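Work out the full structure, taking the sequences as your base and the hints as a guide.
Here are the chains, one letter per residue:
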Amino acid sequence: MIINHPLLGPRDAAEFTYLGDASLINRPDWQSETAAQDFYEYGYLRSNPAGEHRELWFHEAGDRSWLVVTRNTVTHEISNVEMARDVARTQGRSK
Amino acid sequence: MRYSGFQVIKEALTGHKGWKPVWRDPEPQAHYDIIIIGGGGHGLATAYYLAKEFGEKKIAVLEKGWIGGGNVGRNTTIIRSNYLLDGNEPFYEMSLKLWEGLEQDFNYNAMVSQRGILNLIHSDAQRDAFTRRGNAMILNGADAEMLSTEQILDRYPFLNVNDARFPIKGGLAQHRGGTVRHDAVAWGYARGADMRGVDIIQNCEVTGFRLENGKCLGVETSRGFIGANKVGCAVAGSSSRLMSKADMQLPMESHVLQAFVSEGLKPVIPGVITFGAGHFYCSQSDKGGLVFGGDLDGYNSYAQRGNMPVVEDVCEGGMALMPMLGRARLLRMWGGIMDMSMDGSPIIDKTHIDGLYFNGGWCYGGFKATPASGFCFAHLLSRDAPHPNATKYRFDRFSRGLMIDEKGMGNQPNLH
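The listed protein sequences correspond, in order, to chains A and B.
Position 84, counted from 1, in the first sequence is what this note's numbering calls 84; the numbers after and before it change by one each time, with no gaps.
Position 22, counted from 1, in the second sequence is what this note's numbering calls 22; the numbers after and before it change by one each time, with no gaps.
Quick caveat, the hints were computed from the structure, so don't treat them as lab data.
Among these hints, one or two may not hold up.
FRET-style restraints, in silico, Cβ to Cβ [stated by the list, open to error]:
#1 B:G224 <-> A:S65: 49 to 59 angstroms
#2 A:N26 <-> B:G69: 34 to 44 angstroms
#3 B:V311 <-> A:R27: 28 to 38 angstroms
Simulated coverage check for chain B against chain A, where a stretch passes if three residues somewhere in it have a Cβ under 8 angstroms from a Cβ of chain A [as the list claims (entries may be wrong)]:
#4 70-80
#5 248-254
#6 295-307
#7 405-414
All values reported here derive from a predicted model rather than from experimental measurement.
Idealized CB from N, CA, C, for every residue including glycine.
Rendered as structure tokens:
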């Protein structure tokens with residue numbers, strides 16, 4: 001697979017390591033009343049779809065940036081690549 | 001028809017005209033006591049043991065394609081019970097004991113071959129860890145033996161024991177481990193189940209569950225609604241996809257694992273060798289092909305095929321361990337979809353929906369578990385209580401902090 005890095009252009013997927021579902025950006029509030037349940041769901045449950053999947057990849061052998069890659073889990077086709085920090089910022093998660 | 005040596009000779013002398021299909025192709029009935037979704041190894045084994053050991057009647061197995069067409073037909077056929085943790089080892093040892101009696105039990109030649117499995121050791125720390133694991137196995141009634149490099153070379157003289165990065169310093173052997181003819185497992189269980197009245201319904205895809213007031217009344221399928229008192233799901237890599245139809249999210253990701261077969265060679269590898277440090281394991285099939293594999297590709301996938309970097313990684317591991325491999329040509333490669341759970345261990349449990357039961361999360365260890373998985377799932381379905389050897393395979397172990405994490409990797413499915 002080739003991941004089209006927003007800053008570096010097309011890079012071999014072997015340069016990256018894979019973390020998982022991009023919902024991992026949405027870390028729950030630890031002070032919430034429902035924190036125990038929220039963290040269980042955050043840490044352990046996945047939608048694991050067959051089809052479009054937004055997921056976190058880390059450019060370990062490159063610029064060490066985190067990316068949110070939208071990839072089809074049935075065809076492996078990548079339709080969109082974003083910087084994870086941009087995604088997090090639009091969600092108010094990062095400065 | 002019972003198979004026997006006499007039967008084979010008789011058929012040979014009469015032109016093999018007496019062999020009959022070994023399972024029926026029935027139309028689905030309107031209602032069953034128990035429906036198993038998934039006509040793979042685990043689903044067929046469950047149906048077999050439900051009928052044979054638990055005296056259940058009116059059972060159906062629903063399969064969207066053909067039986068045995070999923071992971072039971074896409075694995076590397078290894079059986080073993082070399083686990084460490086309490087939640088796992090009694091279960092896998094039960095499975096190995098069932099393998100040992102399986103062919104007599106279901107009167108089918110599954111080519112169970114206890115040729116032994118060897119896990120290689122490369123460091124003092126690994127020796128300590130494997131000694132501990134061997135002791136855990138022995139405590140649970142399994143067999144385990146620590147071998148020296150010399151003993152390993154006696155059996156496997158072609159191994160490169162002086163690799164600069166991972167020199168071989170010994171190994172943990174389980175002599176009762178080995179290989180089984182994987183397709184025959186599905187066929188044997190299917191035949192045994194069919195003989196006891198189980199309807200095996202192929203080309204019947206489950207498209208939804210009919211749920212009412214927190215109870216499962218049956219399944220919607222491509223061949224219409226089929227009612228059931230109890231529905232058991234055993235669909236391996238498609239678990240998340242299926243259970244999402246009941247609005248359930250599972251603690252798992254589906255990943256692709258590749259495997260490879262070389263051209264047929266004369267007998268050269270007598271047992272199963274695993275080189276965990278090099279992400280490589282290998283055995284030789286009875287046809288002569290070297291059957292080998294390595295790590296997951298590492299990203300969520302339902303594609304049943306992987307990518308080239310892992311092919312390279314596996315072959316590098318193989319070349320480091322047994323340089324003679326370089327002369328063999330690769331014949332076939334394929335990928336299977338693993339239901340990788342969050343702690344690397346499976347789930348055999350009721351769901352929160354009355355009458356809906358789940359069996360999955362087998363990661364890449366599902367094949368060896370087939371008999372015990374079927375037996376324990378049948379126990380759960382029939383008696384509504386977990387089998388004593390499967391009490392820890394619960395859904396709620398993740399929320400309660402009771403993970404069964406053999407590798408100590410945490411909630412990162414692609415590392416288990």
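key: Numbered hints the structure breaks, given as an ascending list   = The structure breaks only hint 4.
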